[in-house]
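Protein chains in written order, with our numbering: chain A, 1 to 295; chain B, 1 to 400; chain C, 1 to 266.
In case anyone wonders, no lab produced these hints; they're calculated from the structure. As the structure is a prediction and not an experimental result, all values here were calculated from the model.
If we take Cβ atoms under 7 angstroms as the criterion, some of the chain C residues that face chain A in the derived model are:
#: 1; residue: Thr-15
#: 2; residue: Leu-19
#: 3; residue: Ile-22
#: 4; residue: Val-29
#: 5; residue: Thr-41
#: 6; residue: Ala-89
#: 7; residue: Leu-104
#: 8; residue: Ala-110
#: 9; residue: Gly-113
#: 10; residue: Val-115
#: 11; residue: Asn-122
#: 12; residue: Ile-127
#: 13; residue: Gly-174
#: 14; residue: Ile-224
Positions of the beta carbon are idealized from the N, C-alpha and C atoms, including for glycine.
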Amino acid sequence: MVAAARRAARSVSSVLSRFSWLRLGLLLTAPLAWLIAIYVVALAALLLTALWQVDSFTGNIDRGALTFDNIKNVLTTPLYRTVAFRTLGVAALVTVIDVAIALPIAFFMAKVAPPRWRRILLIAVLTPLWASYLVKAFAWRATLSQGGLFEWLGTPFGIESPGYGLTAVIITQAYIWLPFVILPIFAGLERVPDSLMEASSDLGAGPMRTLRHVVLPVLFPAIIAGAIFSFSLTLGDYITVNIVGGANQMLGNLVYVNQGAANNLPLAAAIALIPIAIMIVFLAAVRRTGALDNL
Amino acid sequence: MRSSVMKRRGPRAAGVVLAVSSLFLAAACGDDEPSTGSNGDGDGALTEIGEFEGQVSILAWPAYVEDGSNDPKVDWVSAFEDETGCQVTSKVYGTSDEALNLAKSGEYDVIAASGDLSLRLIAAGEADPVNTDLFENYDGVYDFLKDTEWNSVDGVNYGAPHGYGANLLMYNADVMDEPTSWDVVFDADKMAANKGKVTAYDSPIYIADAALYLMKHNPELNITNPYSLDEEQLDAAIELLKTQREYIGEYWSDFLKQAQAFTTGDSVVGTTWQVTANVINKKNIKVTLPEEGATGWNDTWMLSSQAENPNCAYAWMDYIMSPEANALATEYFGEAPNSDAACALTVNKDHCEIFHAGDEEFIQQIWPWRTPIKECLDGRTDVECTDYSQWTQAWTEMKG
Amino acid sequence: MILSANVKRLLAGLTVLILVLIYLPLILVVFNSFNTNQTMTWPPDGLTFDWWERAWNSQGARDAVMTSVRVAAMSTVVALVLGTLLAMALQRFDFFGKSSVNLLVILPIALPGIVTGIALHNAFKGILNLDLTLMTVVIAHSTFCIVTVFNNVQARLRRMGGNLEEASADLGAGLWTTFRLVSFPQLRSALLAGGLLAFALSFDEIIVTTFTAGSGVTTLPIWILNNMFRPAQAPVVNVVAVVMILLSIIPIWIAQRLSGDTEGAR
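Make the full structure from the sequences, and use the hints.
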């Protein structure tokens, strides 16, 4: 009985070993089927929805007629342009701030700190990931409010709390996504061999020069990988804006309001095309740098 | 296993993708059946109440379905659950727009709907007619709340009346004197001192509040009904709101978020509900009804056409209409109860006077929420009025 | 590269400052879980254990945590399987469309959550007419968790090289035996790291979850969202957050020990 099973297993094995495309097929079928059936089709359906319209009184989607009205609306109405640029600006600023903060701490963790400390530091950076995103955003709402921590700390220096608004959104988002940016940069820095940096200094380059010409080029894909996270996460966020954003709207809010309260899923889908387009352009641009392997 | 270059799988893979995608898209393009009622055709309401299903799912304004989890002393749900065995799960919404969207998911049996939502629900096929003969507590309800323009269509009744109230003006007494007019949130000079601390309701229906202000202060616009605005009048209201926008700190749709903002001092003046002031419970945060009057609401409990527990739903509607429950609920929220019997049971004996219970005239004055439609609600036939989707578009553009 | 002691001290100082800034809001959360004032103004009015007691007794919070754990566990399992399969396919083979598949794997996490959320919501409810249940949430979470496992396993496979597996085949082991006795042990720590990250991602996810969870499914983030502004419950939310942070230190520490070096951690 067992011998027969084993023989069968061996013959399967030998068949598979001979035809590598069969092996590949077996490996790829399940995950690819999952991704396509669930994700790609859902996305395609959403984009198709952008071509439909909604009956204004009943709120039901009219699936009969295809029209480009929603997309035209999104492209021509100044509101969407304003909000898109505002969102892009916020996302870019958050990314720049996060990368600027992540570089020194990642460098210290990877290259300067003694190995014993490295693990502790990594745990210290990873732990806040487990504090709920919502709780962190709410903590910032409490911090920036009247009578909150910011005001308490800033009053002796005459600094006022920025209150709720775009500044608050930038601060909160930069704070929340920081660990996501530190980790890939840290991983990337670990991959830079010490010997490379030593060789560079042996050849006479000072630390700044080594950093600029040796470390940074190798590190670049990892930095981009981190940037993808903070950029994409900020681009579509609406919850932080609702909590600390005051009266402001970002792209995520427009999509959320339209698919929800305004009951206009086709318009929401049309607006969603903006962040999708932005991210696809971004991803295509960075593909060449190899950043996608560092995610 | 060495990496090996092998035969092109491309065409095969592409074929599979196309096949699967077209299958799904074909399904997507297929006709979508409108939600049919659990009672079959639209005309036939229940003729008798059957056995209770053991649970009921309710979609309502905040503070309408209190089971003690917010404040152990505030609970009228537990008594209902004990009496009928129908376990209550509830979902809270902040604006009528949210409610319509949630109702369409079909996950709720009973929906508390204001006047601007009820007709939309009926038109969308989301609400079923209600047989008021099956209620024990319907007779005691004020007559002017029965079979009204917002809860019945062509003589068919769609719900159980709950109560009505006005949107009030809340202000921080430490920062300003008691306002007598809405100009503290609409007039630039008056708002200047509170820049960044003014708040307003986050829904297109708030345009009606701006229109109401214009109705009283700019009679040349000839606005007679704040829900009946032609394009010119809508533009004027939007201009007013754009002025206000510069002084707004936050728009609110979650009344508790507003409560928190007023408590910390991040908001100092703006429109609100009585229940918000009750929750804040601080001496310096007060509410008032300004001289121009206000927009308001009148609420009805409606039966979802996708209700899975219609019998428990009827049981809830009957229960919440009863004087005991209605008194508790409306007093907590701060609105007028639906019957004299309920009025007799409120803890604060002046409650009904303060909230103008039984006062048909008052309900006319407070301009309760209605859904704007193209046919002018004030009866004008020479112009076309703006409908709610135009209001929604205008509102989003105004917020910027 | 030789850094002067001053530069090293500067970097150390910056690191400390950054860590302090990272933990300041979290410390605020801890304080607010003891704050008598429900609106969390600073400095706290007084200290109380009331909220901790209420959190301990809160059935809602406990149920929410259990639901989140279940969803995260199931999603992680699915992500582990699919991610490993994909990593092995993409690392060991070259084929037409390889980079497109790579892009496809990343898409669920690179596209904003709200896009994924409304796309899946539309697909489940609008097209397939499914009810939104725990399973729809698991399906959604698995989809964007695949990438964390994929990246970790792919990085490990790259470093492993194929030599050991070839040797095993040369010695006569079949494919499954090779995987079981040679590949898998080497992959284990990468799977653990990827799985842990996937678990964390799923546990704290809110945006896609709100769109794919029906009214009956309350994960921890949804529970927090519902209770965040309620005066009586907001401090309880803080308590729950503190507990989650403390509890999470253990698995993180274990994962770090087992993963040996920290390469491939994202």
